[in-house]
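Trainee: Spelled out from the first residue to the last, the chains are:
There are 2 protein chains.
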Amino acid sequence: LYILHFMNLDSSSTVPDLLSIFHEQEMTETVHETNGHGYLGTFVGKNGWLAILRVHSHGLVTVDLQCYEEDDFAQVDNLLNALESKLKVILNGNITRIKRLPALVRGAEVDRYWPTTDNRLVEYDMDQLVYEEDSAFQNIKILHSQQYGNALILDNDLNLAESDLAYTLAIMGSGRENYTGKEVLILGGGDGGILSEMVKQKPKMVTIVHIDQKVIDACKKYMRGTCGNILDNLKGDCYQILVEDCVPVLKKYVQEGKTFDYVINDLTAIPISMEPEEDSTWEFLRLILDLSIKVLHPSGKYLTQGNAENMTESLGLYEEQLGRLSCPVGFSKEVVCVPSYLEQWVFYSVWKK
Amino acid sequence: LYILHFMNLDSSSTVPDLLSIFHEQEMTETVHETNGHGYLGTFVGKNGWLAILRVHSHGLVTVDLQCYEEDDFAQVDNLLNALESKLKVILNGNITRIKRLPALVRGAEVDRYWPTTDNRLVEYDMDQLVYEEDSAFQNIKILHSQQYGNALILDNDLNLAESDLAYTLAIMGSGRENYTGKEVLILGGGDGGILSEMVKQKPKMVTIVHIDQKVIDACKKYMRGTCGNILDNLKGDCYQILVEDCVPVLKKYVQEGKTFDYVINDLTAIPISMEPEEDSTWEFLRLILDLSIKVLHPSGKYLTQGNAENMTESLGLYEEQLGRLSCPVGFSKEVVCVPSYLEQWVFYSVWKK
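First to last, the sequence lines map onto chains X and D. Oh and the first sequence: position 177 is 177 in UniProt numbering, straight run, nothing missing. Oh and the second sequence: position 171 is 171 in UniProt numbering, straight run, nothing missing.
Bear in mind the hints are in silico, worked out from the structure with no lab data behind them. Some hints could be false.
[What the hints assert, rightly or not] Simulated crosslink set (BS3-like; lysine-lysine; CA at most 27 Å straight-line):
hint, chain 1, residue 1, chain 2, residue 2
1, D, LYS204, D, LYS252
2, X, LYS99, D, LYS214
3, D, LYS294, D, LYS258
4, X, LYS99, D, LYS99
5, D, LYS220, D, LYS182
6, X, LYS301, X, LYS200
7, D, LYS221, D, LYS202
8, X, LYS258, X, LYS221
9, X, LYS214, D, LYS301
None of these values were measured; they are calculated from a predicted model.
Required output: the full structure, derived from the provided sequences and hints.
Mentor: Below you can see the structure in the form of C-alpha cells.
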C-alpha cells in the first residue's frame with residue numbers, strides 16, 4: 001500500500017507529529033542515516049507490518065505500508081487515514097497533491113500484473129489459473145478474468161482473451177476483405193479465433209500452420225469464446241490445421257509454386273523456432289515475411305499484427321524490413337483497441353506493388 | 001522497483017548470500033525484529049537508495065528498491081540482476097516464479113496512475129499536463145497521452161480521451177438509433193463528443209444542458225479530437241448548448257409538457273449538483289432518471305452510461321432504480337471497450353413499456 005504526499009514544508013516540523021501515529025500502533029521505529037537524502041524512518045509492528053516514511057528534501061513525503069492479505073483491511077485503512085488527516089492538519093492546507101494507490105499484491109496464487117509492451121504497470125482482474133503447462137516450445141497459461149473471460153498467456157505474454165474479437169477482426173482486415181471462395185494461409189492462429197470467423201464467409205480453403213499442439217488443445221478446451229467448436233476437428237470442409245513449424249511448410253509451398261489470396265501472420269510477437277537460420281528475432285521475422293510474400297498471389301494481401309502503438313521504434317524497424325523484401329510492397333496500418341491488451345495495437349496490411 | 005520471488009527454502013540459508021550483494025554496494029544494513037514474521041532487513045545506500053529484503057515463512061522473498069529518477073538505471077538493473085542471479089544459484093532451480101515489476105514513480109509532475117473503478121492499479125502513458133483549473137463545480141484536468149490523445153479528468157476521474165469515439169458511439173446506441181429529424185436532449189456531454197457525431201445525422205434539434213462552462217471551454221480548446229469545431233458556437237442550426245444545472249431545466253420541460261425522442265444522460269458517474277433535494281448520489285440519479293423519463297416521448301429512448309462491467313453491485317443497484325420509476329420501463333445493456341478506460345464499460349438503453 002502506498003500514499004504519496006506532495007507539499008512545501010521541511011521535514012523537521014512534519015516528522016515528529018507523524019511519528020506519534022506509528023507509536024500509537026506500537027510499531028518499533030528505526031531512523032536511518034541517509035547522507036543528506038531527507039528523513040527516512042522504518043516502523044515494524046508486532047504483526048509483521050512494515051511502514052516506511054520518507055520526507056524528501058523537495059517536499060515529497062512517501063509512506064509505504066506492507067501488511068498481509070489476511071490482515072484486517074479496515075485497520076490498514078484507519079492507519080492510512082490517520083496519517084493523511086494528520087498531514088493535512090500539520091501542513092494546514094498546503095498539500096499540493098495526495099495520492100493513495102491501490103495495494104500491490106505479491107506472492108498471490110494468481111498473478112494479476114501483466115505489464116504492457118511499453119512496460120507500464122497494469123493490474124488485471126485475473127482470479128483463477130485455469131490451465132498451465134510447459135510445452136516443447138513455451139509456457140502456456142490460461143487465466144480467467146471477470147471481464148475478459150479466459151486469457152491465453154504464452155511465455156508470460158498475454159496473447160488473446162475471449163473478449164478480444166476486435167483482435168481477430170483487425171488481423172482479418174477490419175471488414176475490408178472478403179474471404180468467400182478465397183485460398184488463405186494462417187501462420188500461428190492456434191487459438192482458432194481467425195479460423196472461426198473466416199469459415200462464416202465460406203472460403204475455398206484455409207490452411208493453418210501452428211507449431212504447438214498443446215496450445216491448440218488448451219484453446220479448444222478453455223478458449224471457446226474465441227474458437228467456438230472449430231478446433232474440435234483439425235480438418236473441415238474448407239479448412240485444415242497443420243501442426244508443424246511454418247518455415248519448412250512455407251518453403252515447400254514456394255518450391256511448389258503454390259500461392260494464396262491471403263497470408264495472415266498471427267505468430268506471437270516473439271517468434272518461436274528451433275531452426276538455426278533464425279538466430280535473431282528480426283531475421284526470423286524477415287524470413288517469414290519474405291516467404292509469405294513469395295507465396296502471396298500478385299493481387300493478394302499479407303495481414304499481420306504489428307505491436308503496441310507506443311512501440312514506435314519497433315514499428316519503425318518493422319516498416320524498414322518491409323522495404324527490404326525481395327519484392328517491393330506497399331502497406332497500410334491501423335490502430336485498434338483490443339479489450340484485454342490495455343494498450344492500443346497496430347495492425348498491418350501489405351500488398352505487392 | 002520491485003521483484004517477487006517464490007520458492008521453497010528457509011530464510012537461514014538464503015539471507016547471508018544475498019546480503020553480500022548489498023554489502024558490495026556499501027549499503028548499511030539494519031535487521032529488524034519481526035516477532036516471527038520472517039527475516040526483514042533494510043539497506044540504505046549513501047546515494048539515498050533504500051532496499052528492503054523480506055523472506056517470509058511460506059517461501060516468498062520480496063525485494064523493494066527505492067531510488068531517484070535521476071539515478072543511473074543501468075546501475076539499478078545491475079543490482080536487481082545480481083540479486084536475481086544469486087537467488088537462482090542459491091535456490092538451485094527451485095524457484096517457482098520470479099517477477100520484476102515496472103518501477104512505481106512517485107511525486108512526478110504528471111501523475112500516470114489512474115486506478116480503475118474496481119480499484120486496480122493501472123499506469124497510463126500520460127506525459128503532459130495540458131490544462132488544470134478548479135471550476136465552481138470540480139477540478140478539471142486535461143492530460144496528454146501518447147496513445148489516447150488528450151484526456152479529460154474531472155475530480156480525478158478519467159472522463160474521456162480523444163481516442164474514445166467508442167464511448168460516444170455506445171452512448172448513442174451503437175448505430176441502432178437514427179437521429180435524423182429527431183428532438184434530442186443531452187444531459188452533461190460538455191466534451192461535445194455526442195453532439196459532434198449527432199449533427200452528422202441532421203437531427204431536428206439537439207439541446208445540451210451542461211453545468212460547467214469551464215469544462216466546455218477546456219474541451220473546445222484541448223479535446224478537438226472529440227468535439228471537432230462543434231463547441232466553437234454554443235448555438236447552431238440544429239443544436240443549442242445551455243450552460244445550466246439540468247435539474248431545473250428538466251423540471252421546466254416537465255411543466256411545459258415538452259418531450260424528446262431521445263434523452264441521453266452523459267453526466268459524470270458522480271453527479272454534481274448544489275440542490276438540497278439531492279442529498280445522496282443515488283437519489284440524484286433517481287431524480288434525473290425520473291425527470292428524464294417524464295420528458296421522454298412514449299416511443300422515445302433514454303440512453304446512458306452505466307459503470308464498469310466489474311462493478312456488478314453498482315449495476316444491480318442501478319437496475320433496481322429502473323424498476324422504481326413512476327413509469328414502468330424496459331431496458332437493455334451492452335458492454336463496450338472504451339480505449340482509455342482500461343476496463344469494460346456498460347451502457348444502457350431504456351424505454352417506456
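Trainee: Each of the hints needs a verdict: does it hold here or not?
Mentor: These are the hints, each one checked on the structure:
Distance hint between D:LYS204 and D:LYS252 is fulfilled; the C-alpha atoms sit about 20 Å from each other, no more than 27 Å. Of the pairs offered as hints, the one joining X:LYS99 and D:LYS214 holds, with about 25 Å between alpha carbons and a cut-off of 27 Å not exceeded. Between D:LYS294 and D:LYS258 the alpha-carbon distance is near 9 Å, which keeps this suggested pair within the 27 Å criterion. A C-alpha spacing of about 25 Å is found between X:LYS99 and D:LYS99, which places the hinted pair at or below 27 Å, so the restraint holds.
With a C-alpha separation of about 25 Å, the suggested pairing of D:LYS220 with D:LYS182 holds against the 27 Å cut-off. As the CA atoms of X:LYS301 and X:LYS200 are separated by approximately 19 Å, the hinted pair is consistent with the 27 Å bound. Proximity of D:LYS221 to D:LYS202 is assessed by CA-CA distance (about 25 Å); at most 27 Å being required, the pair is judged to hold. Using a Cα cut-off of 27 Å, the hinted pair X:LYS258 and X:LYS221 is violated, with the two alpha carbons roughly 33 Å apart.
Only pairs whose Cα atoms come within 27 Å are accepted, and X:LYS214 paired with D:LYS301 is rejected, the gap being roughly 49 Å.
Against the hints set out earlier in the document, violations occur for numbers 8 and 9.
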